[in-house]
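> Residue numbers (this note's numbering): 1304 to 1459.
Any given hint could turn out to be false.
What the hints assert, rightly or not - Okay, the calculated beta carbon distance ranges per label pair: (1) M1307 <-> K1427: 30 to 36 Å; (2) E1367 <-> G1409: 28 to 34 Å; (3) A1368 <-> K1419: 35 to 41 Å; (4) A1348 <-> P1449: 28 to 34 Å; (5) Y1417 <-> E1367: 17 to 23 Å; (6) I1411 <-> A1349: 33 to 39 Å; (7) D1420 <-> L1352: 35 to 41 Å.
Unchecked claim - The calculated lysine-lysine pairs, modelled on PhoX-like cross-linking and capped at a C-alpha distance of 20 Å, are: (8) K1427 <-> K1408; (9) K1431 <-> K1443; (10) K1443 <-> K1427.
Hints are computed from structural coordinates only; laboratory data are not their basis. Owing to the predicted nature of the structure, the values given are computational and were not obtained by experimental measurement. Backbone N, C-alpha and C define an ideal beta-carbon position, used for all residues, glycine too.
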Amino acid sequence: LEDMRVLDLGCGTGMLSVGAALLGAEVVGVDGDSSALKTAAENAAAQNLDITFRHEVIRAETAEADTYDTVIMNPPFGAQNEHADRPFIEAALLSAPVVWGIFNKGSIPFIRAYTKDTAEITDKVSAKLSIPRQFVFHTKDIVEIPVEIVRLERHG
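Sequences are here, hints too, so could you generate the full structure?
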């Protein structure tokens, strides 16, 4: 990621943003939650990193076409809130030719079908994501969620 322009869509508290910046990327993190963005800025400052954080709703209509080298994202899982991941996928593929996303396990057939006209899955890795309790619907202190990390490359 060194010297790349990276967009972190749905950056939350900035963990992916901070990681990308530590690897030498110029990072912009975007999220609709101002409280999470405040924490993201604090996390970046704690590492002496210069990361731009913006408060906005993720939508394809507001995507900055071809502004970034790659997008990283951990979008809301469509399983929790139906179709919540779609605006992220659309905005990501407009913003950069390469997208890395963390999706709920079992999402690959959906992602492949949803992006068939615009991108292809070039890599995928199964993993577990540890999520601490942060939302009202969370009932445990920490939950390990099976996920698929997917690399999408835009056609053309």
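> Does K1427 lie within 20 Å of K1443 when you go C-alpha to C-alpha?
Violated. K1443 to K1427 sits at ~28 Å, over the 20 Å cutoff.
> Does the Cβ-Cβ separation between I1411 and A1349 fall within 33 to 39 Å?
Check passed, 35 Å falls within 33 to 39 Å.
> Tell me if the beta carbons of M1307 and K1427 are separated by a distance inside 30 to 36 Å.
violated, 21 Å
> State, for the Cβ atoms of Y1417 and E1367, whether the hinted interval 17 to 23 Å holds or is violated.
holds, 21 Å
> Starting from the range 28 to 34 Å, see whether the pair E1367 and G1409 falls in it by beta-carbon distance.
At 31 Å between Cβs, range holds.
> Between the beta carbons of A1368 and K1419, is the distance compatible with 35 to 41 Å?
violated, 20 Å
> With a cut-off of 20 Å on the C-alpha distance, tell me whether K1431 and K1443 pass.
Cα-Cα ~16 Å, so holds.
> Should the hint that A1348 and P1449 are 28 to 34 Å apart at their CB atoms be regarded as holding?
With a Cβ separation near 33 Å, A1348 and P1449 satisfy 28 to 34 Å, so the hint holds.
> Taking 20 Å as the top limit, are the C-alpha atoms of K1427 and K1408 close enough?
Given pair K1427, K1408 holds - Cα atoms ~11 Å apart, limit 20 Å.
> Do the beta carbons of D1420 and L1352 sit within 35 to 41 Å of each other?
holds, 37 Å
Hints 1, 3, 10 from the list above are not met by this structure, while the remaining hints are.
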